[in-house]
Amino acid sequence: MTALLAIEGLAVSYGRISALRGVSLQVDSGEIVAIVGPNGAGKSTLLSCIAGLVRPAAGVIRFRGDAIAGQPLERTVRRGIALVPEGRHVFAGLTVLENLRLGATIRTDRARVASEIDAYMDLFPILADRRHAPAGTLSGGEQQMLVIARGLLSNPALLMLDEPSLGLAPRITDQVYDLIESVRARGVTVLLVEQNADRALRSADRTYVLNTGAVRLSGASGDLRGRPDFEAAYFGLDLVGGQA
Amino acid sequence: MMRDLILRAAPLLALVALIVAISLLAGMADTVTTRRVILCLVNVVCVVGLYIFMGNSGVLNFSSVGFMAIGAYVAALLTMPAGPKGMFLPDLPVWLAATELPALAGPFLGALFCAIVALAVGLPIMRLSGIAAAIATFSLMFICYIVLGNWTSMTGGQISLMGLKSYVGLWTACAFAVGAVAVAFAYQETRWALALRASREDAVAARASGIRVARLRLGAFVLGAAVCGAGGALYGHFQGTLRVESFYLDPTFLLVTMLVVGGMRSLTGAVVGCLAISLLTEVLRLVEVGIPLPGTGAVVMVAPGFGDVVLAALMLLILLFRPNGITGGREILGNLAGSGHRHDQV
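So the sequences go chain by chain: A and B.
Numbering-wise, the first sequence is residues 1 to 244 according to our numbering.
Numbering-wise, the second sequence is residues 1 to 346 according to our numbering.
It is worth saying that the hints were derived from the structure and are not from the lab.
One or more hints might be untrue.
[Claimed, not checked] Beyond 10 Å from chain B on every Cβ pair, some chain A residues (computed):
no.	residue
1	A51
2	R64
3	T76
4	V77
5	H89
6	G93
7	A111
8	S115
9	A119
10	I172
11	N196
12	G226
13	A232
14	G236
15	L237
[Unchecked claim] Interface residues of chain A toward chain B, partial, derived using beta-carbon atoms under 10 Å:
no.	residue
16	I68
17	R78
18	V90
19	F91
20	R112
21	V176
From a predicted model like this one, the values you see are computed outputs, not experimental measurements.
We treat Cβ as the ideally placed atom computed from N, Cα and C, and that holds for glycine.
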């Protein structure tokens with residue numbers, strides 16, 4: 001396997017507050033990699049930094065071998081990285097169909113895009129039923145499916161998802177993760193950020209535990225699930241002097 | 001295929017029919033009413049120009065009256081007969097003093113000049129968002145006002161410029177209003193306008209989809225400024241006289257009110273808002289002058305300035321209770337067509 005995304009020594013500060021410190025990680029082609037951690041761990045900052053929304057203070061981000069840190073968001077997607085931001089950012093006043101079409105902004109193969117949109121409509125009949133309805137009128141789960149489909153329509157090599165299960169019922173969360181796994185099966189690499197560590201560990205090949213801006217633990221998801229120090233790393237108990 | 005095209009163009013056809021119908025009715029009315037309608041149609045051009053940028057991008061824009069002024073003065077300088085030009089503007093450069101183009105070239109050249117100016121000033125401004133962008137466009141209008149008001153050799157400064165060719169009648173104004181609506185509609189059907197509306201809904205998600213927001217905003221700003229420039233040229237030639245004072249705060253507020261009241265998220269909103277506010281201001285003007293109540297001898301009359309207060313209050317009420325305006329952001333007949341069409345129908 002080759003490293004699709006490689007990050008070394010990444011540091012981000014908001015003024016005097018240090019959000020990420022010396023973060024290094026690697027995502028190989030065809031993997032699902034999860035970054036888990038509690039609220040405020042720096043997970044979203046990490047994705048924002050890869051996407052180009054936040055400029056790092058130090059460190060290197062390489063995608064397919066090219067240094068991409070600090071480039072604007074609209075260029076990141078042209079390199080093959082799609083970001084699905086936290087909070088289901090649908091274009092609320094635009095129709096479902098327009099949302100999907102906009103996902104393919106950078107593409108010129110119109111016929112192919114149209115057939116892919118049809119395929120998503122088949123996959124999610126609710127999107128087909130509501131194709132001319134404003135996206136803002138969809139339910140939370142439907143909106144999440146829509147933004148993932150929209151992200152995929154840019155034809156990315158790497159799909160980055162920020163908190164895909166946030167605010168969703170468990171049944172809907174499972175549907176979202178089924179979609180994520182089917183995405184990987186089609187050859188798209190996935191990097192996802194989750195507070196819901198249990199759910200992320202079940203789907204991800206490898207997982208990084210992030211807390212207070214640093215990687216505390218990493219490894220194959222199956223191994224991490226059974227490890228006694230996982231919870232300590234997740235909740236930062238190792239930082240306050242062992243078991244509380 | 002043909003049917004789809006017609007359904008898709010239904011809002012445009014409906015708006016054109018509305019404008020032509022109003023013009024036909026005005027043609028049968030007395031001279032004063034006809035002149036009011038001509039002014040209203042000129043305002044339609046300007047409000048539609050404002051809509052092209054503000055409606056699609058969602059960025060507040062106060063600069064359109066500045067572009068109207070530029071368009072008006074460019075048209076006047078290029079088309080005025082040498083006689084009045086030499087009298088009012090004796091210090092003009094020789095080539096400009098000698099230039100007298102056909103009157104109808106005025107709005108087009110005014111539009112072109114505005115587009116060039118908008119491209120130059122828009123490059124930095126379109127990178128701004130929210131309140132910063134709104135203040136920047138306001139400053140732009142202010143700069144236009146100050147420059148035109150003090151560039152005595154070119155504009156006559158504070159002196160009124162008289163003797164403009166008078167060619168803006170009912171059907172000229174109608175043709176330009178229809179033209180402006182057609183341009184705005186054609187633009188909003190493009191992929192660029194759709195992408196710009198996406199950035200209006202969610203800037204981060206738009207950029208994450210690869211939409212180059214600043215570039216698209218600039219395109220809409222330039223097109224909108226050109227339409228406003230044409231509107232300004234028509235306004236000047238309709239009045240026959242140009243005063244810098246005509247292009248300042250009052251019309252700025254009026255145009256924004258028309259768009260907001262009609263609904264800034266649809267072209268129908270721009271046109272309907274302009275018509276509704278024009279009608280309302282006319283009624284208010286009559287009441288300020290005094291309307292005799294038939295049979296009683298009494299006269300209904302309100303204090304001067306009442307009209308402005310009503311307009312401002314109306315804007316406030318719309319913002320509070322119907323932020324998407326009279327039209328609710330929908331296009332007239334917009335629900336006939338399906339795919340690729342305007343969005344806001346529920």
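Checked hints:
no., hint, verdict
1, A51, "violated, 7 Å"
2, R64, "holds, 17 Å"
3, T76, "violated, 8 Å"
4, V77, "violated, 4 Å"
5, H89, "violated, 4 Å"
6, G93, "violated, 5 Å"
7, A111, "holds, 15 Å"
8, S115, "holds, 15 Å"
9, A119, "holds, 16 Å"
10, I172, "holds, 20 Å"
11, N196, "holds, 22 Å"
12, G226, "holds, 36 Å"
13, A232, "holds, 34 Å"
14, G236, "holds, 29 Å"
15, L237, "holds, 34 Å"
16, I68, "violated, 15 Å"
17, R78, "holds, 6 Å"
18, V90, "holds, 7 Å"
19, F91, "holds, 4 Å"
20, R112, "violated, 16 Å"
21, V176, "violated, 17 Å"
In summary, the numbered hints that this structure violates are 1, 3, 4, 5, 6, 16, 20, 21.
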